[in-house]
Amino acid sequence: MVDIKPDEISAILRQQLSNFNASADLEEVGTVLSVGDGIARIYGLGNVGYGELVEFGNGVKAIALNLEEDNVGVVLMGESQNIKEGDKVRRTGKIASINVGEGLVGRVVNTLGEPIDGKGPITGQLYEMPLERKAPGVLFREPVKEPLQTGIKAIDAMIPIGRGQRELVIGDRQTGKTAICIDTIINQKEFYDAGKPVFCIYVAVGQKASTVAGVMKTLQEAGAMAYTVIVAASASEPAPLQFYAPFAGAAIGEFFRDSGRPALIVYDDLSKQAVAYREVSLLLKRPPGREAYPGDVFYLHSRLLERAAKIINNDEIAKNMNDLPESIKHLVKGGGSLTALPIIETQASDVSAYIPTNVISITDGQIFLEGNLFNAGVRPAINVGISVSRVGGNAQIKSMKKVSGTLKLDQAQYREMEAFSKFGGDLDAATKAVIDKGARNVEILKQAQFSPLPVEKQVAMIYLGTNGLLRDVPVKQVRAFEEAFLNEMQVRLADVLNEFKKGNLPEDGIKKMITLANELKPRFI
Amino acid sequence: MQNPRLASRYAKSLIDLVQEKGQLEAVQSDMLFLQQLVKSNRDVVSLLKSPIIKADKKQKIMAAIMEGRISATTLAFINLLINKAREAFLPEIAVEYTRQYNIIKNISVVKITTAVALDNATLETIRQKVASEIPQQVQLEPAVNADLIGGFVLETNDNLFDASVARDLHDIKKQFSQNIYVSSIR
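Chains A and B supply the protein sequences, listed in that same order.
Take the first sequence: its position 139, counting from 1, is numbered 139 in full-length UniProt numbering, and each next residue is one higher.
Take the second sequence: its position 73, counting from 1, is numbered 73 in full-length UniProt numbering, and each next residue is one higher.
Just so you know, the hints here were simulated from the structure itself, not pulled from any lab data.
Be a bit skeptical, because a hint or two may be false.
Straight-line C-alpha distance at most 25 angstroms; calculated BS3-like pairs for lysine-lysine [stated by the list, open to error]: (1) A:Lys398 - A:Lys457; (2) B:Lys174 - A:Lys94; (3) A:Lys84 - B:Lys111; (4) B:Lys173 - A:Lys61; (5) B:Lys49 - A:Lys84; (6) B:Lys39 - B:Lys54; (7) B:Lys12 - B:Lys39; (8) B:Lys39 - A:Lys88; (9) A:Lys88 - B:Lys111.
Simulated DEER-style distance windows between Cβ atoms [what the hints assert, rightly or not]: (10) A:Arg286 - B:Ala88: 22 to 30 angstroms; (11) A:Pro115 - B:Ala88: 43 to 51 angstroms; (12) B:Gln36 - A:Pro115: 49 to 57 angstroms; (13) A:Glu306 - B:Ala88: 24 to 32 angstroms; (14) B:Ala88 - A:Gly49: 28 to 36 angstroms; (15) A:Asn320 - B:Ala88: 56 to 64 angstroms; (16) A:Tyr50 - B:Ser177: 26 to 34 angstroms; (17) B:Asn83 - A:Leu26: 22 to 30 angstroms; (18) B:Arg99 - A:Asp296: 32 to 40 angstroms; (19) B:Asp119 - A:Tyr50: 32 to 40 angstroms; (20) B:Asn83 - A:Asn47: 32 to 40 angstroms.
Just so it is clear, CB atoms sit at the ideal spot from N, CA and C, and this is done for glycine as well.
The task is simple: from the sequences and hints, build the whole structure.
Here's what the structure looks like:
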């Protein structure tokens with residue numbers, strides 16, 4: 001901290017004091033009937049609205065969630081220790097909101113937007129964004145058409161994600177769900193370096209604080225914190241802060257989306273958020289439904305995920321967007337997007353449980369991760385058979401679309417045939433060809449953690465795989481070959497890679513690439 | 001744990017009955033007496049709340065205390081509460097009765113809290129000031145709380161007008177804690 005001149009301080013003090021408005025206003029108050037378990041019941045507050053922020057005498061804020069005949073149920077956004085029966089509660093007339101601005105980038109904040117990384121206050125202009133906000137209407141949206149490159153071959157080739165899409169990442173514990181999302185964030189560095197950043201928001205709900213610290217360190221080491229905001233509500237935070245954390249993340253994402261920039265938000269994970277919501281709902285004595293979740297748990301997730309959108313690329317129309325907060329009206333631009341990657345953790349691969357089925361039906365596709373594949377060494381452990389992307393196909397770049405067109409089918413055939421090959425008997429040539437190709441494709445789709453691949457390199461590698469050009473390379477050598485091949489490509493055929501990136505598949509370039517591959521093959525046989 | 005819904009139901013039934021009988025004022029003074037009693041005597045509250053003392057014993061004790069001081073209707077009401085095992089809510093019901101009585105009589109109770117006790121002349125001036133603002137009759141309830149330091153707090157129903165020095169200090173404190181200038185100094 002720089003030295004502070006004494007006169008500077010007193011000048012500020014005087015200024016603040018002179019601005020201080022001492023006149024009192026008529027306030028609406030209520031009285032605490034009971035408090036405990038992170039909720040309080042209030043008598044009075046006759047005119048309070050649903051979702052309104054109320055304030056206790058000691059400064060703790062709360063949100064009114066249950067308006068009943070004779071009392072108001074509020075959830076506390078802070079400690080309940082110093083609140084007593086009979087305390088006064090004031091209406092604030094505001095709905096819960098957080099302050100968002102460019103200064104948040106690179107920071108770790110809690111659900112209330114307060115920094116928790118010890119780097120001092122958030123700098124720069126801040127705009128008030130409500131936690132709960134209606135998603136943009138039909139008029140203000142555009143179909144998904146731009147790709148969001150994850151840098152993971154299996155996803156970009158077979159389950160492509162577009163900007164503005166909601167793609168669910170689902171799987172058991174320890175199957176690499178978070179890893180996929182972190183890789184995706186890291187891969188956006190390419191765009192940050194190119195001056196067109198995709199702002200990333202990582203929302204950690206109910207996780208260990210050490211895990212969040214680990215994620216932050218990983219992102220820092222990869223240089224990804226420069227365009228990332230982490231919203232953390234760790235397991236020790238009160239349940240209301242945990243279930244509001246994704247909404248805080250969405251509010252930050254909307255700031256970038258509505259100012260015409262692309263953003264990516266990872267909700268890690270929504271099953272824990274649903275559990276926190278269930279806790280609060282049960283304490284508020286709302287009737288439990290299936291698996292004891294309240295009746296509106298579907299709405300909880302659908303309204304959150306609906307806020308992910310691709311905004312129409314027309315400033316005039318975008319300016320009239322519904323439910324724009326007053327604070328950012330002058331900043332609104334068209335063409336922004338918010339892509340959501342919600343994560344759901346299943347128990348023993350049971351995707352027919354309540355929350356997984358809900359979120360599967362809300363999202364535009366899902367990426368299934370399987371423990372069996374993970375243990376068999378197929379990492380990322382994506383089950384390509386049941387993973388889908390409902391809109392992302394329109395978002396693939398042309399070259400990738402052409403190259404990967406047959407990949408999903410090939411892999412489906414391979415999985416069918418694979419069972420036969422296990423009996424060891426003689427196979428006809430056609431079956432053998434399918435199995436050989438499939439086994440090599442599986443190797444190609446494997447990828448180490450924290451090493452996302454640019455799309456042009458993916459195109460090059462998948463071209464070799466789908467066209468059967470790796471037949472002579474032993475399965476075990478495929479990954480070694482890939483590394484050598486991509487290195488050589490970058491050094492010797494950078495112009496071809498550039499063409500791939502633009503979406504072209506030039507014939508002479510492909511010829512050169514095949515020659516290069518053939519040149520390298522003998523090393524690995 | 002308070003139970004506003006229960007209190008309002010019992011109070012309403014009592015008020016309906018006494019309105020028919022024309023004993024509204026008499027029962028109101030009983031209720032004020034009861035409020036005074038539970039405020040000054042913790043033992044009565046403990047007695048009412050005790051789950052160990054049997055209902056018939058409670059009825060006898062209450063009859064012995066209240067005999068001659070309250071009307072027969074109120075005593076019958078207390079016995080009804082004891083029979084229904086709701087006697088613990090008696091203080092709450094008494095307060096609720098007064099509230100509903102005030103609505104019927106078009107009286108607005110305004111609580112004024114000050115740091116030092118006010119003399120009657122000042123109270124009367126304040127009463128007239130407040131009365132000119134609201135259509136109902138104003139009943140002023142003075143209270144003293146030294147923590148306010150100075151100024152006053154007016155309270156009526158769910159509304160509160162806080163013009164105390166303590167509140168101003170609290171607001172200033174809050175303004176400094178959210179000091180918007182700190183970031184620019186750093």
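How the hints compare with the structure:
A distance of roughly 14 angstroms separates the Cα atoms of A:Lys398 and A:Lys457; the hinted pair therefore holds under the 25 angstroms criterion. The straight-line distance between the Cα atoms of B:Lys174 and A:Lys94 is roughly 17 angstroms, inside the 25 angstroms bound, and the hint therefore holds. Proposed proximity of A:Lys84 and B:Lys111 is supported: the alpha carbons are some 21 angstroms apart, at most 25 angstroms. Taken as a hint, the B:Lys173 and A:Lys61 pair is honoured in the structure, with Cα atoms around 17 angstroms apart against an allowance of 25 angstroms.
Restraint check for B:Lys49 and A:Lys84: satisfied, since their Cα atoms lie roughly 21 angstroms apart, inside the 25 angstroms limit. For the suggested pair B:Lys39 and B:Lys54, the alpha carbons sit about 23 angstroms apart, so the restraint of at most 25 angstroms is met. Restraint check for B:Lys12 and B:Lys39: satisfied, since their Cα atoms lie roughly 23 angstroms apart, inside the 25 angstroms limit. This hinted pair checks out: B:Lys39 and A:Lys88 have alpha carbons roughly 20 angstroms apart, not beyond 25 angstroms.
Distance restraint check for A:Lys88 and B:Lys111: the Cα-Cα separation of roughly 14 angstroms lies within the 25 angstroms cut-off, and the hinted pair is therefore satisfied. Between A:Arg286 and B:Ala88 the Cβ separation comes to about 27 angstroms, which falls inside the hinted range of 22 to 30 angstroms. At roughly 48 angstroms, the beta-carbon separation of A:Pro115 and B:Ala88 lies within the given 43 to 51 angstroms, and the hint holds. In this structure, B:Gln36 and A:Pro115 meet the distance hint of 49 to 57 angstroms, their C-beta atoms being roughly 53 angstroms apart.
Hint check: A:Glu306 to B:Ala88, Cβ distance near 49 angstroms, so the stated range 24 to 32 angstroms is violated. Take B:Ala88 and A:Gly49: their Cβ atoms lie about 34 angstroms apart, and the range 28 to 36 angstroms holds. The beta-carbon spacing between A:Asn320 and B:Ala88, approximately 59 angstroms, falls within the hinted interval of 56 to 64 angstroms. Between A:Tyr50 and B:Ser177 the beta carbon distance is about 29 angstroms. The supplied range of 26 to 34 angstroms therefore holds.
Checked against the hint of 22 to 30 angstroms, the C-beta distance between B:Asn83 and A:Leu26 comes to roughly 44 angstroms, which is inconsistent with it. For B:Arg99 and A:Asp296, the hinted distance range of 32 to 40 angstroms is satisfied, since their beta carbons lie about 35 angstroms from each other. For B:Asp119 paired with A:Tyr50, a C-beta distance near 46 angstroms fails the hint of 32 to 40 angstroms. The supplied range of 32 to 40 angstroms is met by B:Asn83 and A:Asn47, whose beta-carbon atoms lie about 38 angstroms from each other.
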